[in-house]
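There are 4 protein chains.
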Amino acid sequence: MANEECIKYVSIIGSTGYVGAELVRGFAGHPFFRFRHLTSKTFAGQPYSEIYPEFRGIVDTVCEDIAYEDVAKDSDLVITALPHGVSAKIVVDLLKAGTKVIDHSGDFRYKDLATYEKSYKLTHPNPDLLKDAVYGLPEIYRDKLKTANLVANPGCYPTCSLIALAPFLKAHLIEEDSIIIDATSGVSGAGRKADLAYAFCETDEAFKPYGAVGHRHTTEISEQCSFLAGKNSGDIKVTFTPHLAPFKRGMLASIYVKPSKAFTDVSSEKINAIYEEFYKDETFVRVLPGKTLPDVKAVAGSNYIDVNGVYDPDTGIIKLFSAQDNLGKGAALQAIQAANVMFGLPETAGLKNIVRGI
Amino acid sequence: MANEECIKYVSIIGSTGYVGAELVRGFAGHPFFRFRHLTSKTFAGQPYSEIYPEFRGIVDTVCEDIAYEDVAKDSDLVITALPHGVSAKIVVDLLKAGTKVIDHSGDFRYKDLATYEKSYKLTHPNPDLLKDAVYGLPEIYRDKLKTANLVANPGCYPTCSLIALAPFLKAHLIEEDSIIIDATSGVSGAGRKADLAYAFCETDEAFKPYGAVGHRHTTEISEQCSFLAGKNSGDIKVTFTPHLAPFKRGMLASIYVKPSKAFTDVSSEKINAIYEEFYKDETFVRVLPGKTLPDVKAVAGSNYIDVNGVYDPDTGIIKLFSAQDNLGKGAALQAIQAANVMFGLPETAGLKNIVRGI
Amino acid sequence: MANEECIKYVSIIGSTGYVGAELVRGFAGHPFFRFRHLTSKTFAGQPYSEIYPEFRGIVDTVCEDIAYEDVAKDSDLVITALPHGVSAKIVVDLLKAGTKVIDHSGDFRYKDLATYEKSYKLTHPNPDLLKDAVYGLPEIYRDKLKTANLVANPGCYPTCSLIALAPFLKAHLIEEDSIIIDATSGVSGAGRKADLAYAFCETDEAFKPYGAVGHRHTTEISEQCSFLAGKNSGDIKVTFTPHLAPFKRGMLASIYVKPSKAFTDVSSEKINAIYEEFYKDETFVRVLPGKTLPDVKAVAGSNYIDVNGVYDPDTGIIKLFSAQDNLGKGAALQAIQAANVMFGLPETAGLKNIVRGI
Amino acid sequence: MANEECIKYVSIIGSTGYVGAELVRGFAGHPFFRFRHLTSKTFAGQPYSEIYPEFRGIVDTVCEDIAYEDVAKDSDLVITALPHGVSAKIVVDLLKAGTKVIDHSGDFRYKDLATYEKSYKLTHPNPDLLKDAVYGLPEIYRDKLKTANLVANPGCYPTCSLIALAPFLKAHLIEEDSIIIDATSGVSGAGRKADLAYAFCETDEAFKPYGAVGHRHTTEISEQCSFLAGKNSGDIKVTFTPHLAPFKRGMLASIYVKPSKAFTDVSSEKINAIYEEFYKDETFVRVLPGKTLPDVKAVAGSNYIDVNGVYDPDTGIIKLFSAQDNLGKGAALQAIQAANVMFGLPETAGLKNIVRGI
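Residue numbers (this note's numbering), protein chains in the order written: chain V, 6 to 363; chain S, 6 to 363; chain R, 6 to 363; chain A, 6 to 363.
Don't take each hint at face value.
No copy labels: a pair is met if it fits in one copy or bridges any two.
Unchecked claim - Each computed BS3-like pair below joins lysine-lysine, with the alpha-carbon atoms no more than 25 angstroms apart:
1. K296 <-> K13
2. K126 <-> K296
3. K242 <-> K13
4. K296 <-> K123
5. K46 <-> K242
6. K296 <-> K242
7. K101 <-> K123
8. K236 <-> K94
9. K242 <-> K266
10. K266 <-> K136
Treat the hints as calculated values from the structure; they're not laboratory data. Every value quoted in this text rests on a predicted model; they were computed, and no experiment measured them.
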């Protein structure tokens with residue numbers, strides 16, 4: 006048990022969606038955080054455990070619908086799980102109230118305003134915040150996170166893609182115009198809502214691509230790929246296709262790239278070794294041994310992301326694979342990892358042993 | 006974190022089945038237990054995380070195939086997850102070596118030798134142990150567990166049925182010859198094995214009864230129902246039908262009974278109130294409010310069991326419902342709950358916050 | 006191919022729900038029926054294959070939103086797949102227009118007006134039609150169907166329950182106050198709608214009872230059980246509990262009854278023999294051999310219903326089991342079976358070889 | 006019903022696997038075929054409907070274990086659903102007995118012997134047959150199928166890939182060294198066998214790539230791509246990665262290619278128009294309108310394959326998508342389509358209206 010003076014108070018705005026519920030699950034077992042406010046417009050006045058009965062006896066906190074400044078004033082950390090466009094407006098007030106903020110929308114993920122506004126078809130009401138916001142991928146931006154007041158939690162597809170690509174982009178080992186990302190998400194990625202498209206009878210025994218041109222995460226991935234390669238936003242473009250598969254949680258990225266000239270003697274073994282070296286100090290990035298390939302089953306319910314890659318000598322293509330839980334490392338648990346960094350706590354606190362099991 | 010001198014060492018014999026894996030998941034996050042030996046004949050020499058890749062970086066313990074006495078000699082607790090018939094032979098040697106034992110088979114669950122031998126079609130090699138073994142249902146046998154050296158972990162269907170029936174049997178509120186239990190299990194109940202019957206294409210989009218007459222858990226439930234009612238083994242007979250449903254984990258019992266004459270003014274409200282009173286001090290038995298009915302989704306991955314009941318005035322039938330995770334409260338996590346009691350630890354240690362989430 | 010003069014024209018009102026889609030699938034391969042109108046308020050003007058893309062190139066009929074009398078006037082048969090309350094109002098006009106009608110709601114399933122009105126909490130606008138309507142269970146009411154103008158297609162749970170119980174009720178072999186029906190449905194039973202309760206993430210890996218007291222199908226089953234036993238509506242009461250399971254299609258009933266004194270020498274073999282004799286001329290009721298028990302997988306996508314039963318000598322309880330597709334024999338395909346009878350066609354036309362396969 | 010003299014007799018060797026079962030389902034409803042022999046070593050002497058209970062009352066044919074020549078001598082068509090290596094040995098004897106043969110293994114799919122032998126790590130015992138065997142893709146080899154005695158039924162991944170690529174390869178509209186195929190199969194693709202890897206608890210809620218380098222279908226696709234482009238076997242190499250997803254039936258290919266210089270003014274609309282033109286006379290290839298993308302749900306249980314493509318102007322990549330049922334168009338139903346062509350029957354006989362429904 007943590008010493009009481011180490012305890013931090015966290016509030017979640019928009020706590021009853023699936024990302025909210027995963028934040029609640031993660032923080033409920035965290036040794037250093039306690040809940041202050043769980044807000045919900047729809048379920049205000051109801052105990053959290055009525056909305057998610059698995060939390061009965063664990064998180065019976067009553068949902069509140071209170072002013073954002075009242076959420077902020079007695080919280081060390083506020084996490085916003087709100088739609089894009091909404092976050093852009095309210096985060097500024099939370100920060101003014103003196104709290105730290107982790108935002109789950111796309112509103113603070115971009116450095117290039119025009120790219121954001123084109124991708125989200127919105128005018129950003131607080132564009133000045135973009136330069137201060139830290140992109141919440143601890144494996145890449147750990148130092149900046151330590152002092153950040155505003156963290157933009159990365160998108161699920163971007164996290165999965167960037168962790169797989171980072172070692173190769175940083176070392177200029179791949180042709181930057183060759184990146185093709187074919188990714189698949191579980192149904193929880195669509196959020197908690199009454200929508201026929203995500204009804205059991207419409208998604209079970211189904212599998213399909215969607216948003217095949219222009220999915221928003223494309224530009225988010227592109228900008229971060231550019232930064233990883235030491236370039237400017239937009240210099241690298243990626244081909245990206247998401248798919249929807251009939252499981253609740255999990256995400257797999259299968260990435261196809263060409264080795265650059267700098268990548269001599271490319272082989273599956275070398276790809277594996279590059280991953281091992283790059284992520285050797287990272288708890289949550291697990292480089293699989295040999296030619297073992299990732300499976301979403303092995304990461305479901307956790308903050309782990311499993312990666313590996315192979316080389317196809319017949320076509321000269323490198324295949325990189327990464328698997329994560331779209332709600333875990335792809336959203337809520339990564340936010341907790343970032344929160345640990347932001348508050349100087351052990352980065353694995355509350356996260357290391359969470360696995361789903363069979 | 007626990008004081009190092011409080012730490013107990015646990016070993017699991019037959020650690021690579023699904024019950025074994027759930028024990029590993031549970032103990033991996035437990036503040037007071039450390040693994041000593043994880044044994045496996047099939048996977049000896051392999052790290053546990055190669056068999057279950059979700060444990061990579063968490064439980065990389067190498068599986069051993071060593072003599073039972075060597076498992077016992079440096080363990081405070083040995084948990085056997087072995088087939089019936091095998092446990093009956095080896096548990097005696099583990100006990101002689103001075104360790105405490107929790108056994109997952111049916112070999113020590115019965116007080117009446119003849120019922121065991123008829124149900125399992127075996128001759129028990131160590132029948133003297135039956136009287137010493139404690140039936141590991143903490144809600145009923147907590148005091149005996151405190152000093153037990155041998156605990157027989159209850160079957161999954163019996164746990165689900167007995168928790169639902171106990172308040173009514175103890176208070177003689179139901180007709181004892183009227184008990185009909187219709188129960189459904191997830192596929193993990195069949196264990197981890199290459200068997201066409203449990204292949205994805207055979208079980209997905211399928212639902213069926215099995216073992217409709219003579220399923221072994223029938224006599225286990227019957228004997229414990231008899232004890233709950235203050236009678237002798239075999240005095241109460243129950244009708245029991247298990248079903249197999251296409252989900253991994255979870256178990257639901259729908260139980261039909263007639264109120265006895267002692268149950269005056271029977272109503273749904275009264276049934277709920279009886280549950281509330283009987284389980285008011287129990288963390289892991291959650292009585293659902295009003296007419297809310299249990300769902301296996303809400304207990305998956307946890308040690309909780311949710312119960313409630315209603316009365317049908319048109320037919321005079323009481324319906325009792327209970328939902329648990331067949332690997333959780335129905336097997337491995339209940340064993341950890343029992344272990345906590347056996348070693349004088351807080352009964353909820355390592356268990357309270359484990360929930361599956363969405 | 007059928008002689009053109011044998012061809013009948015069928016229209017479906019409310020054709021775009023799941024029952025509608027199964028009617029479309031069934032009639033699309035029928036040798037003697039052609040579609041006249043497929044109506045839909047929501048999708049009027051769209052080809053059916055845009056709503057259900059599996060029908061592209063097969064049923065591209067454009068959905069219409071036209072007056073009911075216009076639907077009726079050039080149709081030999083109109084099938085209404087509308088909510089209860091709505092059918093009660095419009096069926097009378099369809100009949101006046103000279104067409105035959107099969108209705109899928111509860112509005113014409115009862116002979117006892119008061120039971121209907123209490124069960125559905127409605128006042129029936131056309132109660133006179135109740136006595137003319139034929140309950141569309143061909144195995145029981147075949148003769149009446151031959152001349153029926155209005156057929157009330159039975160509910161899914163009632164079909165499953167009544168086929169299992171009929172041989173025993175007709176021969177007075179069971180105690181009539183002992184009937185307990187524990188039944189489970191796939192998610193398609195809830196219909197096609199945007200409803201969070203039936204979202205993939207809410208129903209996958211879930212299993213629960215619902216409507217545990219007072220589900221409408223209880224009184225429908227009760228009335229038909231009474232008639233089967235030669236009694237008046239309401240004389241027999243049944244205990245009924247539905248459950249929701251994570252598969253798309255299929256329904257299983259597990260039924261518990263006590264043998265009456267007339268049932269001498271009760272045994273599993275005798276139960277099987279009674280089924281065999283009772284259903285020996287029925288194509289769509291398959292009595293499983295020996296102690297083989299039904300599985301919803303074996304009937305999915307078809308008009309078959311599989312039945313069998315066993316006797317538990319320890320408790321004196323008979324267990325009867327039946328499995329059907331809730332959209333098949335439980336709804337749309339049974340309506341086609343009834344339509345075949347109504348129009349003097351071979352009863353198996355278009356239905357015999359429809360099976361889902363793996 | 007077909008005139009009795011048009012009837013052909015078909016036998017299936019290895020009839021009890023999943024491909025066999027789908028052949029049985031397809032032929033059971035076929036107007037022009039009757040079963041002669043269903044062979045099985047494991048299940049000889051058992052009615053087919055005991056192995057697959059959905060066929061009770063439909064296909065109760067008793068499985069036989071008889072000499073291949075006895076299968077052939079009274080069959081018009083023998084379909085072999087045997088492992089590769091086995092077919093290579095026995096097909097020659099079937100042909101000698103005067104029957105036509107459709108083989109489901111890889112043994113007769115290649116024109117280039119060396120490629121086959123390297124891919125399958127086997128020495129072919131009857132290499133002379135390779136030149137006579139017709140690759141059973143009716144949309145490409147229809148004319149040859151009309152007179153073929155030996156048809157090699159294409160692999161599931163090759164069918165899905167080639168139908169998507171054919172119009173572009175034939176017209177030289179894509180860069181031939183740019184083809185990347187990312188494909189996903191349902192679990193039935195692994196066949197019917199007791200194998201832990203395909204157990205429900207191992208595959209449900211799982212998703213992963215497999216065989217990421219050197220999957221056998223890679224060379225089969227490469228050879229046929231070469232032929233489509235008017236080149237020699239092996240001239241075109243493709244990058245291919247299969248994935249396993251938690252549904253029973255269905256396959257999706259997401260294909261990434263670069264337009265060649267010959268493809269001017271490339272756009273999504275043009276891609277769609279090219280598909281429309283190329284497949285305008287094909288019943289079973291459905292070109293989806295606009296930017297509608299394929300979903301395996303829409304083709305499950307059928308012989309249809311749905312295709313469409315889009316162009317990403319930011320990266321200059323064309324994305325092609327195709328969805329089929331891996332057991333349908335990807336295996337058994339395509340074999341029936343080929344059989345129709347081989348025997349001069351209407352190509353859609355028995356196939357047009359088979360759809361799975363919801």
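Now for the hints, and whether the structure bears them out:
no. : hint          : result
1   : K296 <-> K13  : neither (42 angstroms within a copy, 38 angstroms between copies)
2   : K126 <-> K296 : between (42 angstroms within a copy, 21 angstroms between copies)
3   : K242 <-> K13  : neither (40 angstroms within a copy, 55 angstroms between copies)
4   : K296 <-> K123 : between (40 angstroms within a copy, 21 angstroms between copies)
5   : K46 <-> K242  : neither (39 angstroms within a copy, 45 angstroms between copies)
6   : K296 <-> K242 : between (28 angstroms within a copy, 22 angstroms between copies)
7   : K101 <-> K123 : neither (28 angstroms within a copy, 59 angstroms between copies)
8   : K236 <-> K94  : neither (30 angstroms within a copy, 60 angstroms between copies)
9   : K242 <-> K266 : both (19 angstroms within a copy, 21 angstroms between copies)
10  : K266 <-> K136 : neither (34 angstroms within a copy, 42 angstroms between copies)
Checked against the numbered hints above, the structure violates hints 1, 3, 5, 7, 8 and 10; every other hint is satisfied.
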